[in-house]
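> Read off the chains here:
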Amino acid sequence: MNILRAVMTKELLDGVRDKRALMSAFLFPFLAPLFIYGLMTLVIEQNTKSERVTLPVIGAEYAPTLIERFVENGFIIETFEGDAEAAVTAKTVDLVLEIPSDYQSTMAHFEKTELTVIHDGSRNDTRATVRQVRSLIQDYSSELTALRLISRGVSPKLVRGVQTRNGDIASDEQKAANFLSFVPIYVLMAAFVCGLGLAIDQTAGERERRSLEPLLINPVQRLDLIFGKCLAASIVGTAGMLITLGMCLGAMLLLPIDELGIRFSLQWDQVFWLVIAILPIPFLASSLQLLLGLFAKSFKDAQSYVGFLVFIPVIPSLLMNFLPFATQFWMYWIPVFGQSILMKEILGAEPVTVLAYPAAALPTLLLGLGVCWATSRLLNQERVIQS
Amino acid sequence: MIEVAGLKKSFGEVTALRNVSFTASDAKVTGLLGHNGAGKSTSLRILYGLVQPDLGFAKIDGTNVSEDRVLAQSKLGVLPDGQGLYQRLTPREHMRYFGRLHGLTEDIIEARTTELIHLLDMAAIADRRTQGFSQGERMKVCLARALVHNPKHIVLDEPTNGLDVMTTRKVRELIAELRMQGLCVLFSSHLMYEVSKLCDEIVIMAEGRVAVQGTPAEILESAKERTLEDAFVTLSERVVLS
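Residue numbers (my numbering), protein chains in the order written: chain S, 1426 to 1812; chain R, 42 to 283.
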């Protein structure tokens, strides 16, 4: 125990004094949530553009009632002249509505009337406006059809055919959790990112500066050495992970996501359970990094491929997004995956059985212990010292 | 007392040690002399528990290193081939870390640190981070951390390699001082004059074997040569030819 503490204290002291490495390690917890906040704000804005939209129209004079409808709905109508496609391509306008000159005559003869919305489908920022214009025209057309039927003594219900009713069973919180699925990814990634530098410095770095041999000559069990190192790296990883969690939750609370019709609220007990759920992750992350770090030939070598571990937490979230499934209890057993599910459920205010926490924590911790043990065995091998 | 018997070790295809046996007694300086690649470092690594021998054993005060590595290591102070330091720690912190790894109490570490700082004349650098230390200063830190637990056996792997004249002198003085204190000192070197000047006993190694062990006089006698250098060459060649 004393040995473990001695190693951990020394590694932490050493790590904390490496100001530059520490700064770069903690860039992630502070920058990632900020970046996300900015990105999400943009997404929300584009999806809920409520300010008055300018709609360039060709031939507005042919359809005064339709135009009036647009004005009622907050559009500013602007007469457009010239090459509509070129203007959209050049991004001088977002979209152009073209009303044909035969609008009145086709209407009068109950023939098909075609309006054209010229826009660039590859642009994300105009999609909401285009959709809005389309649905407004659609509504207008339905009303017109209904009136025409009534004038002939036919009930408009006759042409309604099949209709859908919205039976969405997801709670607003669940939708919010889904929308904010980046949070589990970032928080778990932070556990891998923040302790990375220290983990490499303690293995590949120790070997590179030729201090591993003097260290191993000391009368201590190799497992104590590895545990001490692993704990030091996980403490840094945990700090980074918790900062990321705090920043992400803060960003979520600040984001105006209720404008999307979804709701996110946070209770203190949710925060508590989130922390409990993710606490074993840094230990596993650090143990894997130490193991790979010992295999590396040099510090740089280690940095490049130990870095790939960072993508481990991305996999479960991708799976959850693209292969939707109902949570089965055994899924909690899978390290990292279990934590991702737990986070999603806690954030979505879904009921989580208390057993799920140990079910997710135990395999993760056991795997971490196993990796530590394997690493300590590796220290017994001569090639570790002979660089 | 350090005892090494019948050591054999191969790394894959390469045979590093064929048959190595020697002893180093208390209150004596024993020198391990040999060309680069003669097997000195490998023998010492087996001795301090970093490499497992294929055959044979190494004992420190009767403790077999392969059987109880931790106990054997606790009796040893080692200046290994790798002399890396932690750049962001001070010499005092190096000694504290290694003292703790040896299971010493904080009081003893404190007392011993003060003692070593005095012995190695490093008061001026004791609380500076080791980054940017000169070769000599680094050597002092390495020695200090090797000696922090007051070991009865000292093993030094090429201690004067790459040192300037002044530091080399210091190291030699220290070796002499440690012998005075009754310690068992074993060091390796490829420098003839260094070994001849310092050692009570010399072990000449070549091609993974011990060519001869004895006092300088005995070695001259067995090689029928007048100088140790000639004796070294003759005995090494004898091994190569055999």
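Source of the hints: derived by calculation from the structure; they are not laboratory data.
The beta-carbon is built from N, C-alpha and C at its ideal position, and this holds for glycine as well.
Please note that a few of the clues may not be correct.
[Said to hold, decoys possible] Which bits of chain S does chain R cover? Going by a derived footprint, with three or more residues having C-beta under 8 Å, they are: (1) 1427-1433; (2) 1436-1448; (3) 1492-1502; (4) 1644-1651.
> Hints first: check each against the structure and report whether it holds.
Here's how the hints hold up against the structure:
no., hint, verdict
1, 1427-1433, "holds (count 4)"
2, 1436-1448, "holds (count 4)"
3, 1492-1502, "violated (count 0)"
4, 1644-1651, "holds (count 3)"
Checked against the numbered hints listed earlier, the structure breaks hint 3 alone; every other hint is satisfied.
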